[in-house]
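Asker: Okay, here's what each chain looks like letter by letter:
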Amino acid sequence: MTDNEVKETTEKKKSEAGEKHGSGLIDNLLVPVLAVLTGLIIGGIVIAISNDASITAWGHFFQDPIAAFKASWDAIATGYGALFSGSLGKPANMIAGIQQYMATGDSKAMLKSFYPITESLVTATPYIFAGLAVALGFKGGLFNIGAEGQFYIGALASAYVGYSIIGMPWFFHLPLAILAGAAAGGVWGMIPGILKAKFGAHEVVNTIMMNYVAFRLSDWLLSGPMKSSGFRPVTPTIEASAELPRFFPDPLRFNWGFPLALAVAALVYWFLFKTTFGFEIRAVGANPDAAKYSGMSVVRNIILIMTLSGALAGLAGAAQVLGTDHWVGQGFSAGYGFDSIALALLGKSNPIGVVLAALLFGVLRSGATSMQSLAGIPIHIISIIQGLVIIFVAAPAIIRGIYHIRIGSADETVLTRGWGK
Amino acid sequence: MTTENLQQNKKASNQRQIITGIVLLLIGLLMFVLFVRNTQAGQQATFGMNLSNDAGTIVIPDLVLPVQQSLYALITIVVFLAGWQLARGIRSMGLLVGVVSFAFVASFLIWATKDQAFNLVGMMSSSLISATPIALAALCGVISERAAVVNIAIEGIMLLSAEAAVVSATVSHNLWFGLFIAILTGGLIAGVHAILVIRFKVDQIVSGVAINIFGTGATSFISSRYLEKHIDTLNNSGTFQNISIPLLSKIPILGPVFFQNNIVVYLMIILVVAIHILLFYTPWGLRTRAVGEHPKAADTLGINVYLMRYVNVIIGGMIAGLGGAYFTIGSVGRFDQDMTAGKGFIGLAAMIFGNWNPIGAFSSSLIFGFADSIQVKMQILGINIPSEFLQMAPYIVTMIVLTGLIGRAVMPAADGTPYEK
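Protein chains in written order, with this note's numbering: chain F, 22 to 442; chain E, 122 to 542.
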């Protein structure tokens with residue numbers, strides 16, 4: 022690249038940045054919000070189509086058209102009603118619960134009324150970590166599809182430290198278990214990082230391959246070396262000294278994992294936007310050639326980004342084991358690593374955006390369970406909505422077309438360049 | 122290209138030659154350590170050369186090999202190749218990798234079968250069957266990526282068409298109709314991918330991830346909402362019967378392996394050959410490769426870059442749709458959630474391992490299919506290698522190939538980048 026071209030690119034970047042600044046906050050929020058809304062609307066249509074009563078009513082459309090619409094609306098309202106009451110709880114129950122506690126000291130009803138909303142936060146916790154992992158990669162111009170594998174390896178490492186060390190005081194044991202998760206995830210992310218930096222092997226392929234190596238490795242560990250004494254392929258339960266403490270008595274699982282996730286999000290924000298390292302990462306992500314010409318080490322930064330990204334995904338696994346589950350079993354992740362790609366896109370790779378997106382996904386995921394049991398709608402509807410949301414966020418032109426709005430397209434970041442370079 | 126560049130290239134290829142030679146020597150040593158040292162003189166391995174159920178095939182005697190002598194012969198071949206590579210360099214990398222992997226696999230089998238009997242033809246037959254969906258996924262990848270469109274949505278496409286196939290075949294009581302619908306579904310979903318990445322210039326990986334998440338969600342949703350409740354009326358199609366090809370099926374060894382299969386396997390073999398010819402000996406193939414290597418030049422010569430890409434991605438999707446049909450109407454006759462189990466991604470690995478080449482992709486699929494189907498047999502032979510490690514092998518091998526140290530992964534130059542006029 023000649024000097025002239027570099028100048029041109031930087032000027033182009035500048036003008037793009039200027040446009041972005043001018044388009045303001047609302048535009049940045051509008052696409053994600055409309056994408057989620059559109060996803061939920063299509064999800065609603067799927068609910069209506071798959072509802073027996075609604076289909077029957079549409080069969081009699083010409084006799085009674087209003088009934089058809091009403092039946093569909095009922096189906097959607099029941100479904101989403103169950104979703105949101107199952108994930109946010111009912112305010113009336115909360116007030117009644119608190120009153121009962123104030124009057125009699127019996128906390129049972131109060132805890133029960135707060136169970137749904139705390140459970141949403143519990144579900145959001147690994148999402149925050151994993152979303153940050155993918156977002157950090159995006160900022161550095163790298164696509165980490167391997168969060169799922171890093172999540173597994175991190176969870177297994179944390180669980181191992183958690184159950185194998187006995188009699189250590191919690192202020193050593195807990196940090197050690199958390200660090201083990203981060204380190205293991207970091208190593209799992211570092212390998213594709215090194216392969217990319219030193220050999221130019223594309224991180225997308227290698228992180229996918231590392232995912233499957235992680236799945237098979239965890240299958241083996243859970244059926245052999247790390248298996249507990251029972252029949253099922255699960256690890257032993259971790260020691261109490263390695264648990265992330267819970268705020269409330271059972272059944273509420275809300276624990277220190279959530280504040281920790283918020284703290285890490287703040288840390289990532291500070292790291293990305295207030296430190297030299299973060300600046301270099303963003304520079305490498307925005308334009309590796311320019312970064313190289315201004316004396317930054319692209320090789321070192323690529324390895325650093327992938328390691329940190331892996332460590333964050335490992336932390337997601339650690340938080341899930343140490344805070345929520347206390348053991349690891351097969352099929353433990355339930356797709357956190359893949360959903361995190363959606364989170365990073367929805368949150369525009371910004372730590373604050375990622376936290377908001379993670380809260381939303383936490384609500385959807387934890388509410389889906391009660392939607393399944395109360396309204397008979399399979400939990401997988403959430404994946405359908407997620408897939409659509411990703412497409413709408415990634416192709417704002419579709420959203421623009423549907424709603425006939427003009428949104429500045431300046432902030433469409435390039436996520437990956439080519440497959441092999 | 123300057124002389125300096127040329128010299129650098131020469132140096133790099135010298136280095137690669139030496140590293141490949143050393144790796145070959147190590148493989149020879151590994152064969153000695155792993156296999157020869159665990160055998161005793163005079164042991165024999167018996168390989169069955171007939172399928173028990175193959176009516177009409179000419180029966181040939183079993184192959185009885187002296188274990189140690191055969192192992193030494195195979196090691197000699199590998200060491201000889203290593204020496205040749207170090208001294209002169211071997212031009213045909215595909216042949217080299219093929220011969221060495223054959224030698225390694227053969228010595229493993231001979232070692233594992235010491236003092237026992239093992240049905241070799243049965244093994245080959247089940248490897249080919251396991252390789253079928255992998256090869257179809259890999260062909261889908263080859264066709265799309267040769268036109269520079271990365272398709273990691275193969276997994277989702279295969280899931281959706283697998284379900285579409287079984288439902289349409291069950292409802293219509295016609296397996297051929299199911300096959301048609303599967304291919305149609307594959308083409309449609311790939312068409313969505315094509316529109317997203319070509320028309321809307323969505324990041325190709327993001328679009329693939331979204332389709333995978335959507336595909337998993339949609340198929341599982343339909344499965345738990347409908348298929349599980351109405352198994353007989355929706356999810357019980359029966360499967361294609363094996364067709365014995367007259368005369369050819371009577372050839373010993375080749376007959377039972379290649380000519381007594383069901384239609385999907387035959388179609389796969391035909392497609393491998395056809396796509397190889399189309400890609401390298403027809404105008405369409407030349408255009409496809411031009412669009413994948415240097416779209417601007419292709420455009421200048423009057424080739425419609427966008428059209429070529431649409432056509433290739435959609436044809437690729439139809440092939441993946443056939444691969445999806447294999448899972449249901451080609452093998453078990455019903456749909457189970459997530460039944461593709463990562464075969465789409467293994468196909469991606471096979472495509473890379475096969476150097477974006479139809480024949481190469483098919484050969485690597487055979488190796489991966491072998492790794493897949495050997496597990497069952499290993500338990501029969503009483504070998505205690507955890508099968509998980511064998512299952513990891515394809516992924517690890519792919520990562521090694523991508524480093525470019527052994528052989529060279531040469532992907533289409535414009536792979537993964539959208540084309541802007």
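Treat the hints with care, as some may be off.
What the hints assert, rightly or not - Below, a list of computed lysine to aspartate or glutamate pairs in the DMTMM-like style, where the Cα atoms sit at most 20 Å apart:
#, chain 1, residue 1, chain 2, residue 2
1, F, Lys129, F, Asp271
2, F, Lys248, E, Glu509
3, F, Lys133, F, Asp271
4, F, Lys248, F, Asp310
5, E, Lys350, F, Asp310
6, F, Lys219, F, Asp310
Claimed, not checked - Covered stretches of chain F (in silico footprint by chain E; criterion: 3 or more residues with CB under 8 Å from a CB of chain E, positions within the stretch not fixed):
#, stretch
7, 128-136
8, 267-278
Hints are computed from structural coordinates only; laboratory data are not their basis. Because the structure is a prediction, the values reported are computed rather than measured. Ideal Cβ positions, reconstructed from N, Cα and C, are used throughout, including at glycine.
Asker: Determine for every hint whether it applies to the structure shown.
Answerer: Verification of the hints:
1. F:Lys129 x F:Asp271: holds, 10 Å
2. F:Lys248 x E:Glu509: holds, 15 Å
3. F:Lys133 x F:Asp271: Measuring from Cα to Cα gives roughly 10 Å; hence the hint holds.
4. F:Lys248 x F:Asp310: Not OK: Lys248 (chain F) and Asp310 (chain F) at ~48 Å, beyond 20 Å, violated.
5. E:Lys350 x F:Asp310: Not satisfied, since the Cα-Cα distance of roughly 57 Å exceeds 20 Å.
6. F:Lys219 x F:Asp310: With Cα atoms ~16 Å apart, Lys219 (chain F) and Asp310 (chain F) stay inside 20 Å; holds.
7. 128-136: With 0 residues close enough to chain E, the hint is violated.
8. 267-278: violated (count 0)
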